[in-house]
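Put chains X, F, Y and C on the given structure of chain W with help from the hints.
Residue numbers (the working numbering), protein chains in the order written: chain W, 287 to 633; chain X, 203 to 354; chain F, 2 to 653; chain Y, 9 to 326; chain C, 97 to 385.
Mixed in with the good hints, there may be bad ones.
From the structure, some residues in chain C lie toward chain F, with a derived Cβ separation under 8 Å [unchecked claim]:
| # | residue |
| --- | --- |
| 1 | GLY203 |
| 2 | ASP259 |
| 3 | GLU261 |
| 4 | HIS282 |
The calculated DSS-like cross-link candidates involving lysine-lysine, where the alpha carbons are at most 27 Å apart (straight line), are [claimed, not checked]:
| # | chain 1 | residue 1 | chain 2 | residue 2 |
| --- | --- | --- | --- | --- |
| 5 | C | LYS112 | C | LYS334 |
| 6 | F | LYS165 | F | LYS178 |
| 7 | Y | LYS122 | W | LYS322 |
| 8 | W | LYS361 | F | LYS20 |
| 9 | F | LYS193 | F | LYS431 |
| 10 | X | LYS327 | F | LYS518 |
| 11 | W | LYS297 | W | LYS458 |
| 12 | F | LYS366 | F | LYS250 |
| 13 | F | LYS390 | C | LYS186 |
| 14 | W | LYS620 | Y | LYS17 |
Keep in mind that the hints were calculated from the coordinates and are not lab data. From the three backbone atoms N, C-alpha and C, an ideal C-beta is built for every residue, glycine too.
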Amino acid sequence: MTKVLPQGKLKDFLKDTMDKYSLVAPVREDGVVVLKPTADPEAVVTDYLNTVTSPKDFFFPQTERMFRFQKTEGKIRVEETTWQGKRVIFGVRPCDLGSLELIDRVFQEGEYEETYYLARRENTTVVGLACSSPGPTCFCTTFGITPGSPEGADLMLYPDGEGFVVEVLTEKGEALAQQTETLLEDQDVDLAEVKGRFEGLKVPLGDHLSVDGVAAKLDGMFEHPVWAELSPRCLGCGICTYLCPTCHCFGMTDEVRGDQGVRLRCWDSCQFSDFTRMAGGHNPRPTKKERVRQRFMHKLNYYVHRFGRYLCTGCGRCLEKCPVGLTMVHVIEKVNDSGTREVAVNE
Amino acid sequence: MSVERAGTGVSTAGWEPKIIGFCCNWCSYAGADLAGTSRIPYPCNIRIIRVPCSGRVNPQFVLRAFQRGADGVLVAGCHPGDCHYSTGNYFTRRRFLLVKRLLEYLGIEPRRFQVRWISGSEGQKFADVVAEITEQVKALGPAKMDKMRDVM
Amino acid sequence: MCWCGSNIASTVDLDRVQKAVEKLTNVVHVEQNKYTCSEPGQAQIVAGIREHNLDRVVVAACSPRMHEKTFQRTVAKAGLNPYLLEIANIREHCSWVHTSVEEATPKAIDLLRAAVAKVIRNTPLTTSTIPVEKRALVIGGGIAGIQAALDIADAGHQVVLVEKEPTIGGRMAQLDKTFPTLDCSACILTPKMVDAAQHPKIRLLTYAEIEEVGGYIGNFEVTIRKKARSVNEDVCTGCGICWSKCPSKAPNEFDCGLGERKAIYIPFPQAVPNKPVIDRENCRYFTKGKCGVCKKVCPAGAVDFEQEDELLRERFGAIVVATGYELFDHSVYGEYGYGKYPDVITGLEFERLINASGPTGGKLKRPSDGKIPKTVVFVKCVGSRDEAKGFPYCSRTCCMYTAKQAILLREKMPEAEAYVFYMDVRTPGKGYEEFYTRATEEFGVNYLRGRVARIYPKGDQLVVRGEDTLVGAQVEIEADLVVLATAMVARRDAAELAQRIGFSYDQYHFFTEAHPKLRPVETNTAGVFLAGACQGPKDIPDTVAQASAAAVKVAMLFSRDELETNPMVATVDEGTCSGCEWCKPTCPYGAIDIKTIEERVGKRTVSRRVATVNTGLCQGCGACTVACRSGAMNLKGFTNEQILAEVEAICL
Amino acid sequence: MKEKLSELKETVARLLKDRTVDFFIAYQAGHSQVEPIPFFLTTAEHVENLFLNNFCAHNLSKYLLDYLAGDEVVGVLAKGCDLRALKRLLTDHRVERGRVFVVGLPCIGIYDRKKVQEVYPAGLVEVVEEGEEVILRGETGDKRVPRKEYLLPRCLTCPDHNPEFYDLLLGEKVANGPLAEEDYSDVRALEEWAPGERRRYWTRQFERCLRCYACRNVCPACNCRVCCFDVAEPRWLGKGTSLDEQEMFHFTRAMHVAGRCTGCGECERVCPVNIPLMKLNKKLAKDIGALFHVPQAEIPTEVEPLGQFRLGDPDEFN
Amino acid sequence: MRYAYYPGCSLEGTAKEYDLSTRATFRALGIELEELPDWSCCGASSAHTTNHLLAVALPTRNLVIAEKQGLDLVAPCAACFNRLVTAQHKMEQDARLKGKVEQVVEGEYQGTVKVKAVLEVLATDFGVEKVREMVTKPLKGLRVASYYGCLLVRPPEVTKFDDPENPTTMDALVEASGAEAVMWPHKTECCGGSFAFARVDIVEKLSNDILAAAKSNGADCIATACPLCQANLDMRQKAIEKQFGTTYNMPIYYITELLGLALGLEPRSLGLGTHMVESLRLLREKELA
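So here's chain W without its partners, still in its complex pose (with noise of 0.2 Å):
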């Protein structure tokens, strides 16, 4: 017996866990799907190939107030910022769930843990909605991720036939479950027969995209002309940055009005021409060659020595939205058909 979510007890089932935590849900709002904290089951849509945003904006939000500071009689007192509450975030595609794990491993591993981080982690349910039909900018399969892959969820969705079929994963999973659980019918349906349907849908990009050995062919291309050749195109915006589920650079800055103040740490993007700007006035990264190669650098070469994966599930929010085609898809492509013994002699 498997679990079942009738489509038509989906709001209800939003309701239900509206009971006991704060909803975080896709909502249509001119025109584009947002992640949201909404408090209407009613605004909530499931027909969307992905959210513009990303769940990471849940976790690691774009403004994130560390603390509040005060000088009263010639003291300053510090008061840190700690996240309460339960949360559930719904609709999660297989590619956000995988990129949650990319970005817990820089939260969470090595010798310093980020609480803020962890905090909201701990108490935020991810329900994970699998992949009817990959769109043309999905290439999730190239990182080994399909369209039916819950990793990454505590409870996972799979769209089936006139509902969803209901797979718990983990116990906060097991928890949510349980509080709607009256919606949730027992069926005779078989959950790996479903899960491999999913896992088998073919993503046209990305059966076709390969990674295998982009990492180490990098190690060689620092100085590649490539990056000349792509760079001139870019905006310098902060779209793919901010869009992208896996990056995670940021900022800190003081708000101090009179004799108090916050710190706020607040996502920074590797795009913008004041990435890693010095006090003096001096960037190492001073053109966009350099800074376009830190984005696809850190992605496809850095982050996999440091933690044996590429920071990238093939969400597409890069094709979708960057306005010049700077994508990693193109980048991929280009890496692979780049001979790398043609290096550059540093200009």
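Just chains X, F, Y and C now, with coordinates in the frame of chain W:
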């Protein structure tokens, strides 16, 4: 910076609006001085920032005032034709005709932001303008262009 | 913090203010005085600075317009840069306008907080000095230029007087008599012309024009083009043989083309300098290549056909612009015959026709056939007060000169009839109304209130048809001569000159004074002054008065060896400046220029354009700072950082 | 288009060979038919990869800002709208005319990728124009739709089907004339709303803003060497992304292009979250036109509308 | 060339000759005229002196018809011409008025039609030189004073046609016809038109001035392009002669009559011979008819 008071549910008990006035040194600041020397009383809600010319007032200053919680902003300069620097206030006029309309377009109550020509001899006018804008802003209630709403 | 006796202290609870202010970051010392501006009060500030090693001071007292200078001197006495001081105006803007302590005290705290927020962003500013070149350039040798030159020279300064025509004298020299006294114009003008020529401090440059003006107050760099006169002025004695023998004739501009002159000529007998010039366009030697009579007859050997234009580069500390006016070209008036009827003339032509040294020897003969007119109609407001065909402004002098001309006509030829069509008679001047009354009462000039609708020929006469609005009927006068009081208009090259020097002009191309009431002779470009009708229609008395006023302004400027510049001027952050030039049009003083700088980019040196502020011209209004989107343009003393800090401090 | 493409290939190859230009900026094929992307050609061999179709929206002249320091002559392909953008850069003294070689491209309209993808999410092969209609021809058959509804908004009111000036023109000039009058109907409609409604509308838009700066970076009027949003002191804009900062950002951006916006709508086209930026820009253009009698507020002029004044400007500040 | 034709009431009545000669001359030149269907009053005199809205609405009704016809409109009568262009001008200036008028005439006014006087069509659209080329019977020896009157050229910002003080279009056409154009100052003087019935004394005075000026400048006859001018100068000439004790005996022609003659058309077909002042005698004297 906000829409009408109705329905905002903001409690206004004990609230006094804070209004920032940018006054050009040669006319409006002098006009405010004259209101002082003539002991013409006006509401205490206004805080004057002295600028050499109303043409020095960057629209971003006005926005910053609202951003940080001002309930009203007044820009005051010499009457057209009387600018100490000949032409500064003509630029002021062009800029703020647009700003006023843009703010209104963004849904911000236009009476919160006013531009007035007040000469050095118009102490009474200065006092009247302050009284008028204070009254209007009071009627509108607190501007809640939220002070760093999500963050601070 | 000043009590100002009880002026502040009775309304503002200064102890409470002190408690609040003491807590502010950067504030290390607060004290109160009964009268801060008094000797002991100031001494307390000096002591406070020394004792606490202060590097910024805020005085909370009366308006900075009152005592900012005082306290700047005070902190300077303690060795602090005077611009590290800010004033919080808690009297005029606080204690005097609010009655309750509960209202005034929090406001005073806010004002102080803002002043503190600002002052910590103040930077030391220094006035720089620029040397003053004590030589004046006067452009235009009419009565305005002559008067200004004489006054400046009499004050002991060198003057160069540049005149475009071969002689000085200008329009006034063309006039017959002057109102309201009917003095002969030449009789009162020519002595001044001679004075100017002979003044040891004045150098006359006639037949010369301004080519280029650079620099700024105290230090203008001017290039003057001295046109080729073809006569060596140093040698010529002005004997006149050349022009008496010259075989080529041309219409005499001085006589409005009504008479003739030779190709080598002086415009009129009393010309100064009394040295001829060859009009190359009409000279047989220059047009046909042979003649040279003048050269042959010149006893001094002064004629020099090879002479070329000469460019003189001179430095001046001040410029007086006195370029005068032109008359409106009435040929746009179809109803008055498009300027095609020879007997429809301008007032200035009338002056020449009635002048004893004019083309008719002072006998009023009409241009078409030399007949002596019996009926003369004067039409006022031709080109002025007429938005459709001319200009909306009043030309100011026409009422009086028409009255004068009608009087002259009736005086010379009592048998002739004079009619004047007018809209209004405007006589605001000393003795003017009386003069007009004389015209109507004593001289029997017929004034008809109405516009002339049409002038058309009938036989050898001109029918002037107009309306007499006082009677309410159409009138038709068969006239022998019609005199149009054409408006004074700006010279056609006025705008070009203003652009060349760098000051502004109005929509009619008259030059704009710095303030219509309070700075009527200055332009908004420091060091450039205006005299006469180039600034707007003006009669002789007003012109002379303005010329003397301009001269005093120049003398005032020259009374100092150096000028202190205002340190609160705009400044450009070259690293940020894009060189887009959008700041430029907002500057009323033309103080912003573009320069090219070189900088290293990677491994190459590249050049780039950036704005630069001429601190001698900048008056510190700050209009440019708002035009600058990137914030590269900033205003010292009122920087973006300072103003934003004030805003934030007040909003706390 | 095919003839134009071969003419372009020939032209660019020649320009690069005879060193008329040091490099050339045009288009290459992107991920799909509807997304041609900028292409920087440095040698004549590159011309084989040139691409041209009626989705070539991107304004290439903005890239000239990347080549200010230097003396290369840059060739650039420019449609009427792009030329206006170039004129913006020239008028702002940001680019030297002598260092740009303009190959003009007459254009009767560029299709809006987003709108086309709504009917044809993938597999579009080409767009064939047939009078008032277009055929979206693709792998899964033809779809016939009204042309006007699928063009970019800027193309409907485009007054410049031919670039105003150029060094070389591809093909013949096409008939000019906008398809629709600019009546600012979007702006007027919003002006009619109740202030509270408008406030909610803009709040929703601004809250969605990512501050990715794509709108700024693609804008030909945003061409400052250093943007005020990127300087630390004075802090014109905080780094944080609360609603007030977003509002400050959008207000400032709109004011900074007021009177200078060329109406290309690239900001709106590239915005990843559909913020209707042109509703701000058009509002200002409309007001500038009406208040200051600037009939074509979107055409760059010698002096910008906010850098000048008339004595008779409207006055409501007495 | 093809135009919509708006004759107006005068050309159906007192100025029948103008209508005849215009149609005939245009035909001879190969310019097609298509009479405006269902045209109505232009609003001159009675309407435009009493009611603003009516003064604009009446001409607009005709303009709207012309717009449907899609042709530029020729209005030979100077008063009609003036009313039509005035209406256009007013609506261009005042959108609110335009809306009101559109409501009244129940039609949309686009502003697409250009209204033209006969002179403009002949001299500008067709061309003086082409007229000259087509002249078969030059009017040699005829000395013509071209009289434009006030409505054709004034106010200039409305009529946008020729010089308001010294127009020359008709003179050029007169010259093209082979006649001599007399230079004289009264080309645009008022003939007293609107006082035609109310103050005959004024009309007689003004018209006398015009006739006297023409005569003293050596004209044999006067050419007009306005039915009102023609009527005042022609019809009242006898009375004027009596009133002022002079004799003029000066024929007052329509310019189209003279042109038609020069193009070799039959005088009667142009309406000649029906004027109050004998119009054929002079022509016979000069051996032109």
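*asked:* Output the indices of the hints that this structure fails to meet, ascending.
replied: 1
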